[in-house]
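K.L.:
Sequence:
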Amino acid sequence: MMVYGIKNCSTVKKALTWFDSHKIKYEFYDLKKEALDATTLNAWFKKLPSHLTWDMLINK
Numbered sequence: 001m002m003v004y005g006i007k008n009c010s011t012v013k014k015a016l017t018w019f020d021s022h023k024i025k026y027e028f029y030d031l032k033k034e035a036l037d038a039t040t041l042n043a044w045f046k047k048l049p050s051h052l053t054w055d056m057l058i059n060k
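Note that my numbering has the sequence shown beginning at 1, numbered continuously upward.
Be a bit skeptical, because a hint or two may be false.
[Unchecked claim] Cβ-Cβ distance ranges computed for the label pairs, FRET-style:
| id | residue 1 | residue 2 | range |
| --- | --- | --- | --- |
| 1 | Lys7 | Trp44 | 14 to 24 Å |
| 2 | Lys46 | Thr17 | 23 to 33 Å |
| 3 | Ser21 | His51 | 17 to 27 Å |
These are computed hints drawn from the structure, not numbers from a lab. For every residue, glycine included, the Cβ atom is placed at its ideal position computed from N, Cα and C.
Using the sequences provided together with the hints, build the complete structure.
P.N.:
This is the structure:
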């Protein structure tokens with residue numbers, strides 16, 4: 001599983017701890033170290049159900 005986030009975020013920390021405690025393997029992509037490219041973001045946006053928006057998905 002690929003997990004995208006910011007390592008210092010408390011929600012990300014909780015998620016990674018949960019994955020570790022349940023022995024779920026994941027690869028972490030730190031958005032502070034490397035931003036996602038526009039092509040990837042656009043592909044994700046196209047897959048969103050119509051009732052969801054980026055503001056609903058991103059913890060600011």
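K.L.:
Now tell me if each hint is right for this structure.
P.N.:
How the hints compare with the structure:
1. Lys7 with Trp44: 14 to 24 Å: Taking Cβ atoms as reference, Lys7 and Trp44 lie about 20 Å apart, which means the hint holds.
2. Lys46 with Thr17: 23 to 33 Å: Taking Cβ atoms as reference, Lys46 and Thr17 lie about 32 Å apart, which means the hint holds.
3. Ser21 with His51: 17 to 27 Å: 32 Å, violated
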